[in-house]
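Protein chains: 2
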Amino acid sequence: MDPSQVTLPPIMDMNAETITENTVAMNSGNPDARAKYVLERLVHHLHDFARETRLSTQEWTTGIEFLTAVGQTCTDVRQEFILLSDVLGLSLLVDAIDHPKPPASTEGTVLGPFHTHEAELVGPGTQISKDEAGEPLLVLCTVRDTAGRPIDGVTVDIWETDSGGFYDVQHGGDGGPDGRCVMRSDGNGAFWFKAIKPVSYPIPHDGPVGRFLKWVHRHPYRPAHMHFMFEKPGYDKLITAVYDRVDPYITSDAVFGVKDSLVVDFLPLDGDSAAAGGYLSEDERKNLSAWSILRYDFVLVSEQEAARLRDANSLEALSRLGKRMKLYDGLPVPDLD
Amino acid sequence: MDPSQVTLPPIMDMNAETITENTVAMNSGNPDARAKYVLERLVHHLHDFARETRLSTQEWTTGIEFLTAVGQTCTDVRQEFILLSDVLGLSLLVDAIDHPKPPASTEGTVLGPFHTHEAELVGPGTQISKDEAGEPLLVLCTVRDTAGRPIDGVTVDIWETDSGGFYDVQHGGDGGPDGRCVMRSDGNGAFWFKAIKPVSYPIPHDGPVGRFLKWVHRHPYRPAHMHFMFEKPGYDKLITAVYDRVDPYITSDAVFGVKDSLVVDFLPLDGDSAAAGGYLSEDERKNLSAWSILRYDFVLVSEQEAARLRDANSLEALSRLGKRMKLYDGLPVPDLD
Numbered sequence: 001m002d003p004s005q006v007t008l009p010p011i012m013d014m015n016a017e018t019i020t021e022n023t024v025a026m027n028s029g030n031p032d033a034r035a036k037y038v039l040e041r042l043v044h045h046l047h048d049f050a051r052e053t054r055l056s057t058q059e060w061t062t063g064i065e066f067l068t069a070v071g072q073t074c075t076d077v078r079q080e081f082i083l084l085s086d087v088l089g090l091s092l093l094v095d096a097i098d099h100p101k102p103p104a105s106t107e108g109t110v111l112g113p114f115h116t117h118e119a120e121l122v123g124p125g126t127q128i129s130k131d132e133a134g135e136p137l138l139v140l141c142t143v144r145d146t147a148g149r150p151i152d153g154v155t156v157d158i159w160e161t162d163s164g165g166f167y168d169v170q171h172g173g174d175g176g177p178d179g180r181c182v183m184r185s186d187g188n189g190a191f192w193f194k195a196i197k198p199v200s201y202p203i204p205h206d207g208p209v210g211r212f213l214k215w216v217h218r219h220p221y222r223p224a225h226m227h228f229m230f231e232k233p234g235y236d237k238l239i240t241a242v243y244d245r246v247d248p249y250i251t252s253d254a255v256f257g258v259k260d261s262l263v264v265d266f267l268p269l270d271g272d273s274a275a276a277g278g279y280l281s282e283d284e285r286k287n288l289s290a291w292s293i294l295r296y297d298f299v300l301v302s303e304q305e306a307a308r309l310r311d312a313n314s315l316e317a318l319s320r321l322g323k324r325m326k327l328y329d330g331l332p333v334p335d336l337d
Numbered sequence: 001m002d003p004s005q006v007t008l009p010p011i012m013d014m015n016a017e018t019i020t021e022n023t024v025a026m027n028s029g030n031p032d033a034r035a036k037y038v039l040e041r042l043v044h045h046l047h048d049f050a051r052e053t054r055l056s057t058q059e060w061t062t063g064i065e066f067l068t069a070v071g072q073t074c075t076d077v078r079q080e081f082i083l084l085s086d087v088l089g090l091s092l093l094v095d096a097i098d099h100p101k102p103p104a105s106t107e108g109t110v111l112g113p114f115h116t117h118e119a120e121l122v123g124p125g126t127q128i129s130k131d132e133a134g135e136p137l138l139v140l141c142t143v144r145d146t147a148g149r150p151i152d153g154v155t156v157d158i159w160e161t162d163s164g165g166f167y168d169v170q171h172g173g174d175g176g177p178d179g180r181c182v183m184r185s186d187g188n189g190a191f192w193f194k195a196i197k198p199v200s201y202p203i204p205h206d207g208p209v210g211r212f213l214k215w216v217h218r219h220p221y222r223p224a225h226m227h228f229m230f231e232k233p234g235y236d237k238l239i240t241a242v243y244d245r246v247d248p249y250i251t252s253d254a255v256f257g258v259k260d261s262l263v264v265d266f267l268p269l270d271g272d273s274a275a276a277g278g279y280l281s282e283d284e285r286k287n288l289s290a291w292s293i294l295r296y297d298f299v300l301v302s303e304q305e306a307a308r309l310r311d312a313n314s315l316e317a318l319s320r321l322g323k324r325m326k327l328y329d330g331l332p333v334p335d336l337d
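Keeping their order, the protein sequence lines are chains A and B. Heads up: the first sequence begins at 1 in the numbering used here, then just goes up one per residue. Heads up: the second sequence begins at 1 in the numbering used here, then just goes up one per residue.
Hints listed in this document are in silico derivations from the structure and should not be mistaken for laboratory results. Among these hints, one or two may not hold up.
For chains that are exact copies, the list does not tell them apart, and a pair is met inside one copy or across any two.
What the hints assert, rightly or not - Once the Cα atoms are required to be at most 20 Å apart in a straight line, the calculated DMTMM-like pairs of lysine to aspartate or glutamate come out as:
1. Lys36 with Asp48
2. Lys323 with Asp48
3. Lys326 with Glu59
4. Lys130 with Glu284
5. Lys214 with Glu40
6. Lys237 with Glu59
7. Lys214 with Glu65
8. Lys326 with Asp48
9. Lys36 with Glu59
10. Lys197 with Glu135
11. Lys214 with Asp32
12. Lys194 with Glu120
13. Lys36 with Asp335
14. Lys194 with Asp157
All figures in this text were calculated on a predicted structure; none of them were measured in a lab.
Required output: the full structure, derived from the provided sequences and hints.
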């Protein structure tokens with residue numbers, strides 16, 4: 001930016017009160033109303049945080065050093081800032097705002113850092129895990145719209161760890177995709193596959209986020225879960241997961257992903273002979289008592305319904321805050337008219 | 001943290017409202033009241049920022065990528081997170097909170113990233129700049145307490161750029177210290193030296209902070225200034241700078257450092273023959289019309305006075321916010337008694 005091209009509002013005398021309006025004024029050169037609003041709120045909250053805590057220079061230095069370490073821990077295969085956002089509850093909050101779900105639909109939850117685009121498209125009944133040490137699991141699902149109609153041709157991404165609690169990519173990636181697949185729902189909205197029963201595991205905690213968790217006396221564990229992602233044109237993309245009710249970490253998930261409606265029971269399969277009969281091979285039935293079963297019916301929201309709900313939630317939340325706003329490309333900006 | 005050693009408050013059903021209290025509850029394991037309070041305010045402001053902007057997943061991703069780039073731009077000799085804090089007005093604010101000044105004293109301002117510990121202790125009258133292209137400047141100062149009494153033996157750090165707008169460390173550091181020195185005030189509280197007239201210069205803007213400034217249509221320039229830092233046991237450390245009144249960037253400093261009381265006039269020395277006679281050498285007087293003069297009288301606050309004022313400001317600011325607080329090691333924590 002050539003300084004001669006810039007017309008900035010004149011500022012000068014700075015103190016602990018005037019600094020906020022001065023910073024906002026200086027930042028308001030971008031004509032985009034949304035950019036201006038987001039930045040204005042960012043500066044207000046950043047400054048109010050310092051004013052309300054009377055943040056000391058020493059605490060500020062600790063914060064600068066922590067954020068620097070978080071950035072420097074990031075690599076092509078590790079995103080420590082996403083992890084920080086996860087453990088501070090921000091990731092869950094942004095998903096809840098951006099992908100609101102009406103009562104009849106399946107709730108979303110955090111994506112996590114372990115989804116890849118390497119998974120292969122497989123047919124019904126495929127065993128997605130190569131881990132022979134895992135407990136075998138039969139998964140029977142359907143996907144419907146909010147009126148209860150089956151949706152066919154939905155692309156479903158599924159991913160889980162091995163029995164040691166590691167995703168394939170955490171093993172260096174030389175073994176190819178494992179514990180993950182892509183499927184399509186059939187004409188009845190059904191899809192089914194074989195997997196292993198998920199286990200709880202710690203998020204990466206050898207870096208600054210791990211040190212933060214230790215500092216606040218939190219463990220780094222996620223309760224056992226299986227990830228699902230649903231995409232079909234016309235429907236709001238659903239990123240979700242189901243969680244094992246009896247997991248010891250079910251009430252203290254390190255990344256705040258658990259929602260009541262996503263808690264499931266992995267039941268013994270041997271009491272469910274119909275399923276065993278229709279879905280397992282003769283060989284697999286010989287070891288029937290080792291198997292568990294998971295049934296879950298997912299409900300997708302149409303894009304229009306999600307957009308309507310997002311807009312309504314936005315306007316309601318902002319009017320509760322006493323802010324007069326309008327929506328611009330679906331995102332709120334101050335209503336100055 | 002061994003998970004069996006942890007007792008965390010049970011959390012489970014997350015949504016855009018409950019996520020904040022859940023996150024605060026999970027973070028409250030550290031028994032330090034100050035840590036708990038700072039974290040609680042951090043999480044509240046982070047979440048309120050997302051709620052008030054209805055932050056989209058795409059905007060969140062942009063933010064994550066930006067912070068990652070800021071961290072990855074940091075090296076042993078470049079601190080991009082401090083630069084970010086500077087251009088967002090946070091650095092100035094934290095200094096104002098931590099080092100409050102009563103009306104009669106010299107105001108503080110941002111330290112900036114270019115102070116070093118390499119400068120040599122020099123005697124009165126030393127020329128601190130080796131840059132022959134700079135305009136010569138005579139600087140006559142005193143340092144007193146708030147009762148007007150001279151303070152002797154104050155360690156004064158002084159640093160400025162060369163005439164091209166670069167600090168010595170920005171040239172790779174092989175030339176040794178230049179444009180910087182350490183002096184001690186004498187029995188009359190006086191210290192004086194020769195330097196060059198400071199020039200305006202851009203902060204480093206080839207990284208993510210530079211991209212941010214461009215995005216909001218801000219230039220990266222600081223008005224011409226000279227840095228001073230004062231230390232003596234019993235006095236609150238003063239980090240400050242004086243700014244050239246006629247600089248074109250005096251009302252749009254990229255890091256919000258300018259305060260009215262720190263704006264000075266660099267006057268022609270030839271009208272000040274007494275100063276010229278007493279301070280310049282015969283050789284220097286031959287070129288008298290090239291010289292400018294700066295006079296400034298600094299006033300330090302005692303440690304006790306600064307601590308009292310900091311405490312009073314804290315309690316007043318927090319009571320205005322409607323928060324019942326008490327001070328613990330000089331820093332506020334909620335008053336739960």
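Status of the hints after comparison with the structure:
no., hint, in the structure
1, Lys36 with Asp48, "both (18 Å within a copy, 17 Å between copies)"
2, Lys323 with Asp48, "both (18 Å within a copy, 13 Å between copies)"
3, Lys326 with Glu59, "between (38 Å within a copy, 18 Å between copies)"
4, Lys130 with Glu284, "within (15 Å within a copy, 84 Å between copies)"
5, Lys214 with Glu40, "between (33 Å within a copy, 17 Å between copies)"
6, Lys237 with Glu59, "between (40 Å within a copy, 17 Å between copies)"
7, Lys214 with Glu65, "within (17 Å within a copy, 25 Å between copies)"
8, Lys326 with Asp48, "between (25 Å within a copy, 18 Å between copies)"
9, Lys36 with Glu59, "between (29 Å within a copy, 13 Å between copies)"
10, Lys197 with Glu135, "within (5 Å within a copy, 76 Å between copies)"
11, Lys214 with Asp32, "between (41 Å within a copy, 14 Å between copies)"
12, Lys194 with Glu120, "within (15 Å within a copy, 73 Å between copies)"
13, Lys36 with Asp335, "within (13 Å within a copy, 37 Å between copies)"
14, Lys194 with Asp157, "within (14 Å within a copy, 70 Å between copies)"
Violated hints: none; the structure is consistent with every hint.
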